[in-house]
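Top line first, the protein sequences correspond to chains G and Z.
Using the working numbering, the first residue of the first sequence is number 342, and each one after it goes up by one.
Using the working numbering, the first residue of the second sequence is number 296, and each one after it goes up by one.
Derived by calculation from the structure, the hints in this document are not laboratory data.
Yeah, the Cβ is synthetic: ideal placement off N, Cα and C, and Gly gets one too.
Check each hint, because a few of them may be wrong.
Said to hold, decoys possible - The calculated DSS-like cross-link candidates involving lysine-lysine, where the alpha carbons are at most 25 Å apart (straight line), are:
id, chain 1, residue 1, chain 2, residue 2
1, Z, K521, G, K594
2, Z, K443, G, K594
3, Z, K443, G, K459
4, G, K652, G, K588
To be verified - So these bits of chain Z aren't anywhere near chain G, every CB distance computed over 10 Å:
id, residue
5, Q324
6, A347
7, L395
8, T401
9, S527
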Amino acid sequence: MKGMKKIIVILSILTTAISWVSIDTLYRKPKPVPFPVPKGWPQPVYDFSKNPLTEEGIALGKKLFYDTRLSKDGEISCASCHQQFGAFNTYDHNLSHGFNNSLTTRNAPGLFNLAWQKEYMWDGGINHLDLQPLAPITAENEMAETIENVINKLKLDKEYQQLFKAAFGDETINTQRLGKAISQFELQLVSSNSKYDKVMRGEAAFILPEQLGYDIFKKKCITCHSEPMFTDYSYRNVGLPIDSYLKDFGRMKITGDPADSLKFKVPSLRNVAMTFPYGHDGRLFSLMSVFEHYRKNMVVSATTDPLLKNKMALSNYEIGQLTAFLYTLTDSSFLKDPRFAPPGNENSGKLPADIHR
Amino acid sequence: MNKANNTIFVLAFCWIMLAIPIAGFSQKQVTLIFHHKAGNEDLVLGNSYTTALGEKITVQRFRYYISNISITDKQGKTTLLPVEYFLVDEADSLSKIINLSVPDNTIGSIQFLLGVDSIRNVSGIQTGALDPMRGMFWTWNSGYIMAKLEGISESSTIAGHYFTYHIGGFKGPNSTLKTITLNIPQTTTVQELHINADINTWFKNSSEIRTSETPVCHMPGPLAKKIADNYSSMFSINTIR
Numbered sequence: 342m343k344g345m346k347k348i349i350v351i352l353s354i355l356t357t358a359i360s361w362v363s364i365d366t367l368y369r370k371p372k373p374v375p376f377p378v379p380k381g382w383p384q385p386v387y388d389f390s391k392n393p394l395t396e397e398g399i400a401l402g403k404k405l406f407y408d409t410r411l412s413k414d415g416e417i418s419c420a421s422c423h424q425q426f427g428a429f430n431t432y433d434h435n436l437s438h439g440f441n442n443s444l445t446t447r448n449a450p451g452l453f454n455l456a457w458q459k460e461y462m463w464d465g466g467i468n469h470l471d472l473q474p475l476a477p478i479t480a481e482n483e484m485a486e487t488i489e490n491v492i493n494k495l496k497l498d499k500e501y502q503q504l505f506k507a508a509f510g511d512e513t514i515n516t517q518r519l520g521k522a523i524s525q526f527e528l529q530l531v532s533s534n535s536k537y538d539k540v541m542r543g544e545a546a547f548i549l550p551e552q553l554g555y556d557i558f559k560k561k562c563i564t565c566h567s568e569p570m571f572t573d574y575s576y577r578n579v580g581l582p583i584d585s586y587l588k589d590f591g592r593m594k595i596t597g598d599p600a601d602s603l604k605f606k607v608p609s610l611r612n613v614a615m616t617f618p619y620g621h622d623g624r625l626f627s628l629m630s631v632f633e634h635y636r637k638n639m640v641v642s643a644t645t646d647p648l649l650k651n652k653m654a655l656s657n658y659e660i661g662q663l664t665a666f667l668y669t670l671t672d673s674s675f676l677k678d679p680r681f682a683p684p685g686n687e688n689s690g691k692l693p694a695d696i697h698r
Numbered sequence: 296m297n298k299a300n301n302t303i304f305v306l307a308f309c310w311i312m313l314a315i316p317i318a319g320f321s322q323k324q325v326t327l328i329f330h331h332k333a334g335n336e337d338l339v340l341g342n343s344y345t346t347a348l349g350e351k352i353t354v355q356r357f358r359y360y361i362s363n364i365s366i367t368d369k370q371g372k373t374t375l376l377p378v379e380y381f382l383v384d385e386a387d388s389l390s391k392i393i394n395l396s397v398p399d400n401t402i403g404s405i406q407f408l409l410g411v412d413s414i415r416n417v418s419g420i421q422t423g424a425l426d427p428m429r430g431m432f433w434t435w436n437s438g439y440i441m442a443k444l445e446g447i448s449e450s451s452t453i454a455g456h457y458f459t460y461h462i463g464g465f466k467g468p469n470s471t472l473k474t475i476t477l478n479i480p481q482t483t484t485v486q487e488l489h490i491n492a493d494i495n496t497w498f499k500n501s502s503e504i505r506t507s508e509t510p511v512c513h514m515p516g517p518l519a520k521k522i523a524d525n526y527s528s529m530f531s532i533n534t535i536r
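Here chain Z stands alone, though its shape is the one from the complex:
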């Protein structure tokens, strides 16, 4: 190899090393902030609410997975962001804030999966937010619990008046995976997107779910599907900044 060639290689290498951080800087930041609601009220663990079906409940746990986020810009071009999994947990305020790096923050809509895609359900033990230690994995019937709502309901007929909705299932007819699309009313530049998640939808939407009739959902199947269909419209846009 001659000297000129050598120099070109060294220079090219330097450019690449320089280009990496620059590409990083040209990304824009968008922050998703989730607000958990029970109808018009803010959801507070331990507080009592009346569901849309008139049942009095106290919520003790509310958690769900968000993954496979993509952004559609003003030109209608959709960019799938690097695959990452977020466990949003009412009990952990930091988990309700998700920082995203996007190519363009003038956004027309945002899409994400409510749940964990099927490939992660069949690939052994995962780490981070997907670590089975987080209590969102069924060990006896491999698969993630996509979303969880637990508490006490006066109408529940089981010991302790508990209701526990563990919603999961990723296979064929039992799939509870939901793709959520939130449209930004007027395509605007977004720094913070405040999103509401209303637990009332779990009980009343396409189906009516009563803790008096079905206090427990602990496996994939028709009940889990009904509840997932219900909660698939729990998200709405609160404010845009």
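Bound-form chain G, shown alone:
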């Protein structure tokens, strides 16, 4: 009896020791990163328990986001179409350039506060952030690559082998981990530090035109562009008529329901001063053209939102105030946050020369 007890004790000490030694030498645990929810904001919908944020995961995701090898010709990365100084939209482009001089059929939206979003794309066709990268990677007019080729390229790369191991514990490189890593980087893109946010937190005050604009906004826009995300994530038709070339019926493409014809996701208006041109196909080139659309150019049809059946009355005076307010939604610390800059450019902090505000 005594001998057996000794053996048990020795064995358990040995196994514990071996497991610790091997964990220590082969694998350093990734470092958890918290996800602070800005004050007054709802809880995010992204399920972090299935993809816990870690320093290593985020670093890997960022490398993938900026890596042109995700495309067929090695020329296009996610960041080619999602540029930080445009709040991760394609700056100053109605449509973006994809593989072999092709064009996307929609305007690239800014990327931020994605953890609060349930569905992605203008038509909400993608139901999980992790899945989203598979669409641009495989689209002929975006990166034109196959998932299989991307995974094979990554598997052959020594650096990626190490980065995947550091992030996920072993060297397995698969589609799921690719998606999770890119999500980890994208989830970091939280924009919550505009002048508007500072005013809400009591750290700053609106000047008069901004305050008047905010009051008008609360009357005319807030049902759809609801605070604090500046979208209610619903799909609505605001009367942009069908483009005869693009033939984009929006949400109907996903649901097949004629009642969803010409409905598109309400875009967030955070950083809106930087995300021109506007609308799902970028046909509205300035805020002024958005206002002209709402008050004059709308084409009302059966599926046009009930709130806009008579278009929207807006005086020049109101447009001036609204514009002043919309500019308070620009979060310049987000646009320049070195954590999101291309790998190796984290410290330049410079805006591109052609930026015009």
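Following the hints, put chain Z in place on chain G, whose structure we already have.
Showing chain Z alone in chain G's frame:
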């Protein structure tokens, strides 16, 4: 803790460790073997067949998901087997053989889902048979393609005379998920269950599907539903061993 207590713990631990493999051994094996057919003929990729509607087709791809398998034994007790997903592919002969561990192989019927249950359609990227890399996932309209039949048809009016039926949709009225039940004629002990899957049902059953009229189905909706209704009776029992 006293010594007696300690010993009991050690013994209990040993018993559990021993019990695990024993429980495993008491399981019986049943093998499902799928045989793909075009009517009475064996389906061979690249060969030509005439559909039940008289259209001449050459099949290039035939694949479908099987999941959520359960077995009903002679007492009528149904056991849901551990959830696993199988992509059965005519081009991959190994994929047509599925080995199952069941509590009792005296079987009255077998049930399975033809497709991927809705929860896996909304839970991000999956691995293994469900990896989107397998080409059975719509990236622009998240969801699995439950079953795929592709080829060339003389009657097809699109470029290359192709027909491509990618059948999917897991939501509400657009759901193409089909629960299949195969009854074993006389409840018997089963080692191998040979199952036929007849592509002819895709074209003619409750609806008539002509490649001349609808050569392409690439999204959830009424056409996908019709084809799924049709193919929901493509399975039948070939032989039992």
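Practice item. Take a quick look at L395 of chain Z and tell me if its Cβ sits farther than 10 Å from every Cβ on chain G, holds or violated. Key: The assertion about L395 of chain Z holds, with a minimum of 25 Å to chain G.
Review point. Given the hint that K443 of chain Z pairs with K459 of chain G, does the C-alpha gap stay at or below 25 Å?
Key: violated, 28 Å
Exercise for review: Would you check whether the claim that T401 of chain Z is not at the interface survives, using Cβ distances to chain G and the 10 Å cut-off?
Suggested key: Holds: least Cβ distance 39 Å, greater than 10 Å.
Review point. Holds or violated: are the alpha carbons of K521 of chain Z and K594 of chain G at most 25 Å from each other?
Key: Holds, at roughly 19 Å.
Point to revise | Check on Q324 of chain Z being off the interface with chain G, judged by Cβ distance over 10 Å | key: Given that every Cβ of chain G is farther than 10 Å from that of Q324 of chain Z, nearest at about 29 Å, it holds.
Practice item. Take a quick look at whether K652 of chain G and K588 of chain G sit within 25 Å of each other, Cα to Cα. Key: holds, 23 Å
Check your understanding: Once the closest CB in chain G is found, is it more than 10 Å from S527 of chain Z?
Key -> S527 of chain Z is indeed farther than 10 Å from all Cβ atoms of chain G, at 21 Å.
Check your understanding: Minimum Cβ separation between A347 of chain Z and chain G greater than 10 Å?
Key -> Given a closest Cβ separation of 28 Å, the condition holds.
Exercise for review: Would you check the hint for K443 of chain Z and K594 of chain G, treating anything up to 25 Å between C-alpha atoms as holding?
Suggested key: holds, 21 Å
Comparing the model with each numbered hint stated earlier shows that hint 3 is the single one that does not hold.
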